[in-house]
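S.K.: Use these hints to put chain Z onto chain R, whose structure you have.
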Amino acid sequence: MIAAAIILLIVFGMFFMMVWNSMPTIKEFGLNFLFMDEWAPAQNRFGALPFIYGTIVSSILALIISVPISLGIAIFLVEQAPKKIATPIAFMVELLAAIPSVVYGLWGIFVLAPFVRDYLGVFLEKYFGWLPFFQGRLTGIGMLTAGIILALMITPIITSVVRDILEAVPNVQREAALALGATKWETTQIVLSNAASGIAGAVVLGLGRALGETMAVTMVIGNSPQITASLFEPAYTIASVLAANFADATDEFYLSALVEMGLVLFLVTFIVNALAKLLVLSVTRGPKGARPV
Amino acid sequence: MSNKKYLIFLFIVSIAVLGLACSGEPVGQGNSATTGGNINLSGSGSTFVRPMMDKWTSEFGRLNPNIRIDYSSTGSGAGIKAIQSQTSDFGATDAAMTDEELKQGANEIVHIPVVLGAVVMTYNLAGVNQPLRLTPEVISDIYLGKIKKWNDERIGKENPGVQLPDTNIVPVFRADGSGTSDIFTDYLSKTVPEWKEKIGRTKNPQLPQGVGMGGKGNEGVMGQVKQTPNAVGYVELTFAIANNLPTVLIKNSSGNYVEPNIETVSNAAAAMAERMPDDLRVEITNAEGANAYPISGIVYVLAYKNQQNAAKGKALADFLWWVTHDGTQYVRDLHYAPLPSEVVKKVEAKITSLSADGKPLRQ
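Same order as they appear, the protein sequences are chains R and Z. In case it helps, numbering that gives the first Met the number 0 puts the first sequence at residues 0 to 292. In case it helps, numbering that gives the first Met the number 0 puts the second sequence at residues 0 to 362.
Since the hints were derived computationally from the structure, they do not count as laboratory data. All residues carry an ideal CB built from backbone N, CA and C; glycine is no exception. Some hints here could point you the wrong way.
Computed list of chain Z residues with no C-beta within reach of chain R, every gap over 10 angstroms [to be verified]:
no., residue
1, 66
2, 83
3, 100
4, 134
5, 157
6, 165
7, 175
8, 206
9, 215
10, 226
11, 244
12, 272
13, 274
14, 305
15, 317
To be clear about the criterion: a stretch of chain Z counts as covered by chain R if any three or more of its residues have a C-beta under 8 angstroms from a C-beta of chain R, and this derived list gives those stretches [stated by the list, open to error]:
no., stretch
16, 195 to 201
17, 346 to 355
Isolated chain R, as found in the complex (with noise of 0.2 angstroms):
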């Protein structure tokens, strides 16, 4: 009971600080705050709109690349894989959520932004350059090279996810589906629509984790407060401003368009966490007849 008030008063105790010391600017500039995106600390002026685009593009971006792939292992570990091969596989899998991020942040520079800028964008360059997404300067460093890292680092966590609310389908169903002559395939098939629900909740915990993600991102983005439709281009993300900044913004003024922006950071995630429980409630009290998680 009192841990709970405690959670809450830390919950409702951070909001009202960052809307207390960001006072400053939400008087100054209201809404435009949002919608404005010029980012010039040395004149005063403060506009979070390329950073919040930096920030929901590397996101989807990340879930886009991370999705399929999450969702594969997942079906493969539950439905295909014997026991002896998933076990160890599963165990790599949530191993990899334990890498600290400045250490894919690293791994980023040195190994995948060369290798983004040598192979891989070259070849989107080649063969989608009609694409706006896959036009300009292409240094490796970057909004695509941010999204990778972050699929990267989203994947173990959807991963186990979607893993745990695959094996809570009960077997009756498989063997039911199997019993009227469904083929493995169909038999699958029918688990993840009983799970559909389940699995957006991973995703949208995965994509939670990649909206506040700071170091990796901040190493392999290019921190340049831009919005454009290349993908080869460097951008920004609102948590990256706020570790590159933080520590010494010696104005007020300054400070207060950080605070904001972290208060901008904490809505957005508190949406997206909001949401996740919803589906994850949803799933557990399905008709369909799936077991709580």
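M.R.: Using the frame of chain R, we list chain Z on its own:
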């Protein structure tokens, strides 16, 4: 299954708690040691001076085993904030505090120059073997996105005989607020009117949209230049040398192309020494002198003139004295430049002015 998971969770939590308990121990020891005659000083700030500070604190610690100094390189702005809020015993910055910032201090803060450094332009260009030469106007136009290609005729004009590639320039800047940026933008503001108008002197330069990319810290800029072909960036000299990257010769106010090294940086400071005001706050960018490197800077230690704790204050004054005298023997090895002797005299006066409870800490 869920039972097992619960056990694993408990296990992890207990390890975390153990870890916290262990890491708490040295802190406890440190506190008790202070009362037993040992002194702990904490400093924070400039990343520019971090390699130098690390050397100094370890050597000084060896000579004075009862004094332990911890320096964390958090950035010049953070160093200023730490001294204002008294969370550190001293700060370090490569951009002198502004009058506005000084007012936010709890008390009178003094600037004590400790060493000189150079901000250098470094680049990653395959096949270019001789050092590039640039003028401030060209540097400004690269960072404003007006010169886009390496084989631009304005770069070619400065570098006759150099085969420059037909590739896009990737300018790298500092994404975090930094004294290095302050020195760099101060220099360009003094020399290029357009830069002064569009960007100005700032710790957080904001380039036009779509120009360049930012790295966090000297280390971050260095990493991006090193990893990105056709990139150019500005870092402290030590970082370029440690990474085997070339440095640009820059045209100074006398019209000579000057290589950044210990002598040319000292020349810049010597030219400015006479004009140093009493509070020692001065920039040495764009200094006159035929062989003065124009993007040079002074690293300051920030401290309260009236120290609250006499023992700590004495240790700090001794440390600063040692740093600007015997400690200078380590400066050259790390590619910083020692203070000119005229400046050292002024620094001596500043250090002896430090006091606690109205009593001077050093005679």
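S.K.: Would the least Cβ to Cβ distance between residue 305 of chain Z and chain R come out above 10 angstroms?
M.R.: For residue 305 of chain Z, whose nearest Cβ neighbour in chain R is about 22 angstroms away, the distance exceeds 10 angstroms, so it holds.
S.K.: Test the statement that residue 134 of chain Z is away from the interface with chain R: the closest C-beta pair must be farther apart than 10 angstroms.
M.R.: Holds, since 24 angstroms exceeds 10 angstroms.
S.K.: Confirm or reject the statement that residue 244 of chain Z sits farther than 10 angstroms, beta carbon to beta carbon, from all of chain R.
M.R.: Its Cβ never comes within 10 angstroms of chain R, the nearest being 15 angstroms, so this holds.
S.K.: Against chain R, does the stretch 346 to 355 of chain Z show at least 3 residues with beta-carbon separation below 8 angstroms?
M.R.: violated (count 0)
S.K.: Quick one: work out the minimum CB distance from residue 66 of chain Z to chain R and report holds if it exceeds 10 angstroms, violated otherwise.
M.R.: Per Cβ check, residue 66 of chain Z is outside 10 angstroms of chain R; nearest 26 angstroms; holds.
S.K.: Would you check whether the claim that residue 226 of chain Z is not at the interface survives, using Cβ distances to chain R and the 10 angstroms cut-off?
M.R.: Not fine: 6 angstroms to the nearest Cβ puts residue 226 of chain Z too close to chain R.
S.K.: Taking a Cβ-Cβ distance under 8 angstroms as contact, does the stretch 195 to 201 of chain Z have three or more residues in contact with chain R?
M.R.: holds (count 3)
S.K.: Compute the least Cβ-Cβ separation between residue 274 of chain Z and chain R, then decide whether it is above 10 angstroms.
M.R.: holds, 26 angstroms
S.K.: Run the C-beta distances from residue 100 of chain Z to all of chain R and say if the shortest one exceeds 10 angstroms.
M.R.: Residue 100 of chain Z not clear of chain R: closest Cβ-Cβ about 6 angstroms, inside 10 angstroms.
S.K.: Per the stated criterion, does the least C-beta distance between residue 215 of chain Z and chain R lie above 10 angstroms, as a non-interface residue requires?
M.R.: Violated, because the least Cβ-Cβ distance between residue 215 of chain Z and chain R comes to about 5 angstroms, which does not exceed 10 angstroms.
S.K.: Decide, holds or violated, for the assertion that all CB atoms of chain R are farther than 10 angstroms from the CB of residue 206 of chain Z.
M.R.: The claim breaks: residue 206 of chain Z does not keep its Cβ more than 10 angstroms from every Cβ of chain R (closest is about 8 angstroms).
S.K.: Examine each Cβ of chain R, and state whether all of them lie more than 10 angstroms from the Cβ of residue 272 of chain Z.
M.R.: The claim holds: residue 272 of chain Z sits with its nearest Cβ about 28 angstroms from chain R, beyond 10 angstroms.
Figure legend: structure checked against the earlier numbered hints; hints not met, in rising order: 2, 3, 7, 8, 9, 10, 17.
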